Amino acid sequence: MFLNSNLFEPGKSKLERNFVQVLTKQNNRLDGRSADDFRDVELTFGAEWGIVALTVGQTRVLAEVTCEIDAPTSARPNEGALFLNVDIDGVSFLDEVQTTHDQRVLALNSLLERTFRSSRCLDLESLCIASEQHVWYVRVNVKVLNHDGNLYDACTTAALAALMHFRRPDVTYNDKQIRTYSEKERELVPMLFLHYPVSVTYCVYKSSSKPVVDPTLLEENAADSVIVLSFNSYQELCTLNAGGSAPTTAHIIMQCARNASRRCKSMVQFIRKALALDTERRQAKQPVGLLELMRSTMPKITYNRLMNEESDVPVTNNEPVSNMATVATPQHQEPQNMIKEQRKQNKQEPVTPMDDSTWLPSTDEVKDKDNPKLKIKETLPQVKETRPKGSNNNRGKGKGGKNQKPKRTESDSEEETKPVI
Amino acid sequence: MEKQKDEKSGNEKLRQMSCEFNSLSRCDGSVMYSQGATIVIAAVIGPVETKTQNLCIDGSYLECNYRPKAGLPQVKERIREAAIRDVLELALLSESYPRSKMSVQVQELEDRGSMDACALNASCLAMLIGGLPMKYSFAAVHCIINEKGEIVLDPDLSEMQHQRASFTFAFDSVEGNLLLIQTKGSFKIAEFNDIECLCRAASAQIFEFYRSHLANYHGRASKETATTPMEET
Numbered sequence: 001m002f003l004n005s006n007l008f009e010p011g012k013s014k015l016e017r018n019f020v021q022v023l024t025k026q027n028n029r030l031d032g033r034s035a036d037d038f039r040d041v042e043l044t045f046g047a048e049w050g051i052v053a054l055t056v057g058q059t060r061v062l063a064e065v066t067c068e069i070d071a072p073t074s075a076r077p078n079e080g081a082l083f084l085n086v087d088i089d090g091v092s093f094l095d096e097v098q099t100t101h102d103q104r105v106l107a108l109n110s111l112l113e114r115t116f117r118s119s120r121c122l123d124l125e126s127l128c129i130a131s132e133q134h135v136w137y138v139r140v141n142v143k144v145l146n147h148d149g150n151l152y153d154a155c156t157t158a159a160l161a162a163l164m165h166f167r168r169p170d171v172t173y174n175d176k177q178i179r180t181y182s183e184k185e186r187e188l189v190p191m192l193f194l195h196y197p198v199s200v201t202y203c204v205y206k207s208s209s210k211p212v213v214d215p216t217l218l219e220e221n222a223a224d225s226v227i228v229l230s231f232n233s234y235q236e237l238c239t240l241n242a243g244g245s246a247p248t249t250a251h252i253i254m255q256c257a258r259n260a261s262r263r264c265k266s267m268v269q270f271i272r273k274a275l276a277l278d279t280e281r282r283q284a285k286q287p288v289g290l291l292e293l294m295r296s297t298m299p300k301i302t303y304n305r306l307m308n309e310e311s312d313v314p315v316t317n318n319e320p321v322s323n324m325a326t327v328a329t330p331q332h333q334e335p336q337n338m339i340k341e342q343r344k345q346n347k348q349e350p351v352t353p354m355d356d357s358t359w360l361p362s363t364d365e366v367k368d369k370d371n372p373k374l375k376i377k378e379t380l381p382q383v384k385e386t387r388p389k390g391s392n393n394n395r396g397k398g399k400g401g402k403n404q405k406p407k408r409t410e411s412d413s414e415e416e417t418k419p420v421i
Numbered sequence: 001m002e003k004q005k006d007e008k009s010g011n012e013k014l015r016q017m018s019c020e021f022n023s024l025s026r027c028d029g030s031v032m033y034s035q036g037a038t039i040v041i042a043a044v045i046g047p048v049e050t051k052t053q054n055l056c057i058d059g060s061y062l063e064c065n066y067r068p069k070a071g072l073p074q075v076k077e078r079i080r081e082a083a084i085r086d087v088l089e090l091a092l093l094s095e096s097y098p099r100s101k102m103s104v105q106v107q108e109l110e111d112r113g114s115m116d117a118c119a120l121n122a123s124c125l126a127m128l129i130g131g132l133p134m135k136y137s138f139a140a141v142h143c144i145i146n147e148k149g150e151i152v153l154d155p156d157l158s159e160m161q162h163q164r165a166s167f168t169f170a171f172d173s174v175e176g177n178l179l180l181i182q183t184k185g186s187f188k189i190a191e192f193n194d195i196e197c198l199c200r201a202a203s204a205q206i207f208e209f210y211r212s213h214l215a216n217y218h219g220r221a222s223k224e225t226a227t228t229p230m231e232e233t
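In order, the protein sequence lines correspond to chains A and B. Per the UniProt record's numbering, the first sequence starts with residue 1, numbered consecutively. Per the UniProt record's numbering, the second sequence starts with residue 1, numbered consecutively.
So that you can see chain A by itself, here it is in the shape it has in the complex (with noise of 0.2 Å):
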């Protein structure tokens, strides 16, 4: 019968594949937004502290942080830890081949892992309670509960919220024992952060030069390559992921990686909007709670609502936009489009003061470097995302280098930040 199940998935045939290709040759997307749109992100907070639904198009997760206090490792007897998994076993993967499946696992918590892990983004010394005898062991656990494209920035964001939005019981430490106090005795305490880092994901084409922001399912499986950026509100790079089969160029890398910058950076101020509004509603006793999903007696705490309310710059010509990407033609569209990269470009150059002169000189080499590389991956098409972790992962260290190398003004403010802390 359907020996390849992975023909239910959309985006999987070939056909698809030509259309969604062709389509972003003609810059236009099937649901009406531009490349450099993104769709409406949507967070609600559980009852309990450190659990959020986040909603990004159809694409739904669910993340919950818990806590536990444990014996430290013996290599780092101050530090606490922080465990990251993500779930895709839930409603949203009924049929899927497990080669596929294991893939997106590991795809999905490397990036989680290098996002927040490696990059260190919880202070986990404040988790000591008593140096190697007791620590609090911090776990996320991410369900994916629908995919409907872009897992990698619904997951990390949703952590990332759980984790801001987590209290741990107060201990002290006396005569050897353990004191937990209880909500009632003692306030909850919140995590330390170092810095807060959220990923964006953009999908190559070899059709088209421009990467397609945001991917929905259709275009995330049709996609020649995928690449994921994880950015922290400093627009300090922790994570560069960039796989697949097209012919990208470094030029693409950076300019995503400063669009990628700019997003997570207001990607966290709402983040920080909303649990601002979610402490609000709590001390007003109003329902809190995933209720909330369904009944909606509260507006919704969704990114296009929190972060237009003061700032224009975002997407708020989104549904303008979409009517006029359906009704006009192609031709209409590209000198708008044209006007629309123009004002960008414009309006980066004041944004971002390290440019091209700084590491252009240096392309040539990089495009010469990586072009021998990138026939080696066309020959081998079926790799996909999870592969960067060997080849890939490097270079991605290289291009962080470089990336930060100009920005090490900003680097400081991080350090700065530790002993206020």
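Rather than coming from a laboratory, the hints here were simulated on the basis of the structure. All values derive from a computational prediction rather than experimental measurement. We put the CB at the ideal spot given by N, CA and C, even for glycine. Among the hints, erroneous ones may be present.
To be verified - Residues from chain A shown here face chain B by an in silico Cβ test under 10 Å; the list is partial:
#1 Thr59
#2 Lys143
#3 Ile252
With chain A fixed as given, assemble chain B onto it according to the hints.
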């Protein structure tokens, strides 16, 4: 009936129910169902191709999974899963799709009491909305006797802390037969009978809830079914 309900004390009422159909895009039918603050998501896929080891030539294979909010399913969840599977196997008209698989997934979102009953009701609604063939629909009701000997129907988490005995009943919609009984704790046979009658009456409300919401969803809402008595309270 309506009048009787008004006379009843708060202990003998079901909590407010609500549901949202097809909130997930990647399955044949899904429902987000809540009773009070307890929320579950149930999703079905079927009939689909099955593995050869599960293939059954005279009926379809039923796969049922219950997933807790965090972590892997433990013994408690396995028991719940088995209860759901038992009831579903009774209700599912499996002969209509031989050599195929029906899959039901229940995901807990928030457990604030009466989880067993909620999971069962959600899976029934998911089967109905997914269009899987069933002999009858079913409704489950949870009830406890607290330390004072009072009967509490559909308790929430705080009420469940003081329980002497707890009961979960599931009834079918056609003949009102008992499909499932789960009891815990000590009680008298007379109490058991009382509670069964109470739960049976409550199950009628749940069936009414199914009917009105499904009619609403399919755009055939009549005036009588547009608002359920539960939502008025």
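- Against the structure shown, which of the earlier numbered hints fail to hold, in ascending order? The structure breaks only hint 3.
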